[in-house]
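Read in full-length UniProt numbering, the sequence shown has 237 at position 237, and its numbers run on one by one without any break.
Derived by calculation from the structure, the hints in this document are not laboratory data.
Treat the hints with care, as some may be off.
Derived EDC-like pairs: lysine to aspartate or glutamate, alpha-carbon spacing no greater than 16 Å straight-line [said to hold, decoys possible]:
1) K172 to D152
2) K193 to E219
3) K128 to E60
4) K193 to E300
5) K409 to D442
6) K344 to D498
7) K120 to D244
8) K172 to D149
9) K344 to D152
10) K120 to E248
11) K260 to E271
12) K409 to D375
13) K33 to E160
14) K267 to E284
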Amino acid sequence: MVDVAISGGGPFGLMLANELGRRGISVTLFDEKPSTAFNPQANATQARTMEHYRRLGFAEEVRALGLPDDFPTDVAYFTRYTGHELGRFRLPSAREARERVSSLSGSWSAAELPHRVSQKYVEQVLRKHAEAQPGVSINYGWRVSEFIDSQDGVSVTAQEVQTTSRRTVRAKYLVGGDGARSFVRRQLGIAYKGDAGAVRDFFGGRMFAIYLRCPQFYEVVPFAPAWMNVTFNNQRRAFMAAVDGRGEFAFHTQLREGEKEEDITDKQALEMFQAAVGHPVEAEVLSRGTWTAGYALVAESYSRGRVFLGGDAVHLFTPAGGLGYNTAVDDAVNLGWKLAAAIKGVGSPTILDSYEIERRPIAVRNTGFAKQFADSIGLYTAKPGLEDNTAQGVALRREAGAYLSGHGKAEFNIPGITFGARYDASPIILSEKRPPAEDRPDVYTPTSAPGGRAPHIWIDASTSLYDLFGFEWTLLRLGRTPPAVDAITSAAAQAGMDLSVVDIASAEVESLYEAPLVLIRPDQVVAWRGTRDADAQCTIETVLGRRMSGLEKIANEGAQDTVSTNSMHA
Numbered sequence: 001m002v003d004v005a006i007s008g009g010g011p012f013g014l015m016l017a018n019e020l021g022r023r024g025i026s027v028t029l030f031d032e033k034p035s036t037a038f039n040p041q042a043n044a045t046q047a048r049t050m051e052h053y054r055r056l057g058f059a060e061e062v063r064a065l066g067l068p069d070d071f072p073t074d075v076a077y078f079t080r081y082t083g084h085e086l087g088r089f090r091l092p093s094a095r096e097a098r099e100r101v102s103s104l105s106g107s108w109s110a111a112e113l114p115h116r117v118s119q120k121y122v123e124q125v126l127r128k129h130a131e132a133q134p135g136v137s138i139n140y141g142w143r144v145s146e147f148i149d150s151q152d153g154v155s156v157t158a159q160e161v162q163t164t165s166r167r168t169v170r171a172k173y174l175v176g177g178d179g180a181r182s183f184v185r186r187q188l189g190i191a192y193k194g195d196a197g198a199v200r201d202f203f204g205g206r207m208f209a210i211y212l213r214c215p216q217f218y219e220v221v222p223f224a225p226a227w228m229n230v231t232f233n234n235q236r237r238a239f240m241a242a243v244d245g246r247g248e249f250a251f252h253t254q255l256r257e258g259e260k261e262e263d264i265t266d267k268q269a270l271e272m273f274q275a276a277v278g279h280p281v282e283a284e285v286l287s288r289g290t291w292t293a294g295y296a297l298v299a300e301s302y303s304r305g306r307v308f309l310g311g312d313a314v315h316l317f318t319p320a321g322g323l324g325y326n327t328a329v330d331d332a333v334n335l336g337w338k339l340a341a342a343i344k345g346v347g348s349p350t351i352l353d354s355y356e357i358e359r360r361p362i363a364v365r366n367t368g369f370a371k372q373f374a375d376s377i378g379l380y381t382a383k384p385g386l387e388d389n390t391a392q393g394v395a396l397r398r399e400a401g402a403y404l405s406g407h408g409k410a411e412f413n414i415p416g417i418t419f420g421a422r423y424d425a426s427p428i429i430l431s432e433k434r435p436p437a438e439d440r441p442d443v444y445t446p447t448s449a450p451g452g453r454a455p456h457i458w459i460d461a462s463t464s465l466y467d468l469f470g471f472e473w474t475l476l477r478l479g480r481t482p483p484a485v486d487a488i489t490s491a492a493a494q495a496g497m498d499l500s501v502v503d504i505a506s507a508e509v510e511s512l513y514e515a516p517l518v519l520i521r522p523d524q525v526v527a528w529r530g531t532r533d534a535d536a537q538c539t540i541e542t543v544l545g546r547r548m549s550g551l552e553k554i555a556n557e558g559a560q561d562t563v564s565t566n567s568m569h570a
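Put together the whole structure using the sequences plus the hints.
This is how it looks when you write it as structure tokens:
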């Protein structure tokens with residue numbers, strides 16, 4: 001018997017294995033791939049995700065991977081890569097991110113800044129640290145083929161992909177993180193809801209992806225290197241992420257009318273790339289395939305009985321903004337501490353209902369933002385004459401450059417999306433009545449009102465406030481004469497809660513948090529704040545789900561659900 005079986009070894013499944021393993025929860029993970037990802041896939045790790053990696057102790061290990069330390073992570077727009085540069089949104093290199101992070105305040109005050117690194121590298125780090133946990137077993141090359149949920153556990157059968165070998169494990173819970181075509185989700189009969197077929201000139205419909213090696217690119221392109229390279233013309237629109245800064249790229253282009261995946265050879269794939277470059281460069285195609293852009297889909301439900309879902313199994317994004325992978329990591333962090341609490345008996349089993357209540361509205365929100373970004377660039381088309389060496393061409397390029405530069409800033413300067421997710425409607429948050437704030441991608445106003453990320457501040461040049469938090473629960477006592485907390489620490493101890501009490505006399509921190517006592521969850525979300533702990537028993541029972549009736553999930557179904565009612569089983 002293991003505590004948790006996980007189907008899927010992508011970022012969600014591996015992150016969940018880390019969260020559970022660190023808490024002493026036994027895990028068996030299956031994934032049908034032979035190993036972690038070969039293709040680059042997601043390429044943008046947001047600041048919030050990097051804060052989670054810092055909490056687990058390997059943010060610097062991730063930041064050292066991918067692009068060279070001094071490689072610009074700019075987003076640049078071109079007619080062709082060797083043609084005309086239209087605009088550029090400048091972003092810091094890994095080295096600059098390390099140097100600048102402790103000097104930032106307000107919207108971008110964070111323990112970590114974003115990092116541009118391919119998912120293939122991140123998965124290797126996540127796997128390494130998951131396998132280092134004594135109770136975690138990672139099994140690539142195994143496909144979950146059957147599961148049976150009963151009242152006291154889940155029987156999970158997996159088959160080895162290369163042989164006929166089968167294994168059956170008994171688990172207290174099963175979690176499906178097995179991607180867009182999730183076997184687990186489909187077996188549960190759970191459909192996606194939302195936009196399944198947006199049509200755009202770009203970022204809508206079938207996309208052709210090429211993972212390639214082309215060191216010559218940096219020899220023939222006359223412009224400064226960039227992390228994300230976007231072409232804008234009437235023939236071959238594409239976006240391309242630098243994978244290693246030395247010549248490996250993840251190239252994606254929209255298939256035009258008449259182009260069929262099955263007819264495309266390596267030679268024709270190379271010609272697509274050359275058309276975007278605007279020069280007959282030599283390149284090696286490492287892998288290629290198609291995918292569909294235009295999805296903004298969220299699953300109808302995140303669980304059935306003892307079976308839970310996360311990552312792409314519950315939300316499908318168009319990759320504009322890079323929100324899919326980062327939303328998946330947040331799913332894993334949220335579910336991880338709750339599963340551990342339920343298994344250990346610290347939290348009520350009904351605390352697991354709060355996973356969907358909290359995370360599904362965020363998926364609806366984030367897929368909506370990604371759709372806005374995709375519309376912004378995908379519906380904007382190149383005017384005839386854009387590439388001409390004429391006065392009109394110059395004017396058209398200036399016009400397109402202004403638009404695309406503005407779009408780049410809107411898509412990648414997103415502290416509101418990165419830090420602004422809130423769980424105000426959650427039954428395990430002691431929410432406060434306050435006017436609803438406008439939810440904008442580019443605006444984040446730190447607040448310690450329960451339900452959102454704990455406001456961040458640097459204690460000194462190298463110490464983040466988050467570095468002082470415990471791995472589990474943290475109670476901040478702020479100010480020079482903070483209230484006594486005997487009642488709340490006693491209630492926590494009685495419940496079996498691992499609670500760290502952190503005293504900070506700083507007037508600046510007290511002013512930021514607007515209360516002398518603040519209770520912070522394992523996922524660094526504020527659960528409660530107050531001036532005294534008079535209702536300590538009620539507070540602890542609420543945040544551990546012991547006051548949930550089990551009806552909150554039903555009551556909250558559809559809350560903040562702005563997706564359309566069209567459903568699909570992918």
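Hints versus structure:
Between K172 and D152 the CA atoms are separated by roughly 7 Å; this keeps the pair inside 16 Å, and the hint holds. Only pairs whose Cα atoms come within 16 Å are accepted, and K193 paired with E219 is rejected, the gap being roughly 46 Å. With a C-alpha separation of about 14 Å, the suggested pairing of K128 with E60 holds against the 16 Å cut-off. Taking the CA atoms of K193 and E300, the gap is near 6 Å; set against the 16 Å cutoff, the hint holds.
Simply put, K409 and D442 have alpha-carbon atoms about 9 Å apart, close enough for the 16 Å limit, and the pair holds. Under the criterion of a C-alpha separation no larger than 16 Å, the hint pairing K344 with D498 is consistent with the structure, at around 12 Å. Taking the CA atoms of K120 and D244, the gap is about 11 Å. The hint holds against a cut of 16 Å. A distance of roughly 9 Å separates the Cα atoms of K172 and D149; the hinted pair therefore holds under the 16 Å criterion.
At most 16 Å may separate the alpha-carbon atoms for a hinted pair to count; K344 and D152 meet this at roughly 15 Å. A hinted pair counts as satisfied when its Cα atoms are at most 16 Å apart, and K120 with E248 qualifies at roughly 13 Å. Of the pairs offered as hints, the one joining K260 and E271 holds, with about 15 Å between alpha carbons and a cut-off of 16 Å not exceeded. With a CA separation close to 15 Å, the supplied pair K409 and D375 stays within the 16 Å bound.
About 10 Å separates the Cα atoms of K33 and E160, which keeps this hinted pair within 16 Å; it holds. The hinted pair formed by K267 and E284 meets the criterion: a straight-line CA distance of about 10 Å does not exceed 16 Å.
In summary, the structure is inconsistent with hint 2 from the numbered list given earlier, while agreeing with all the others.
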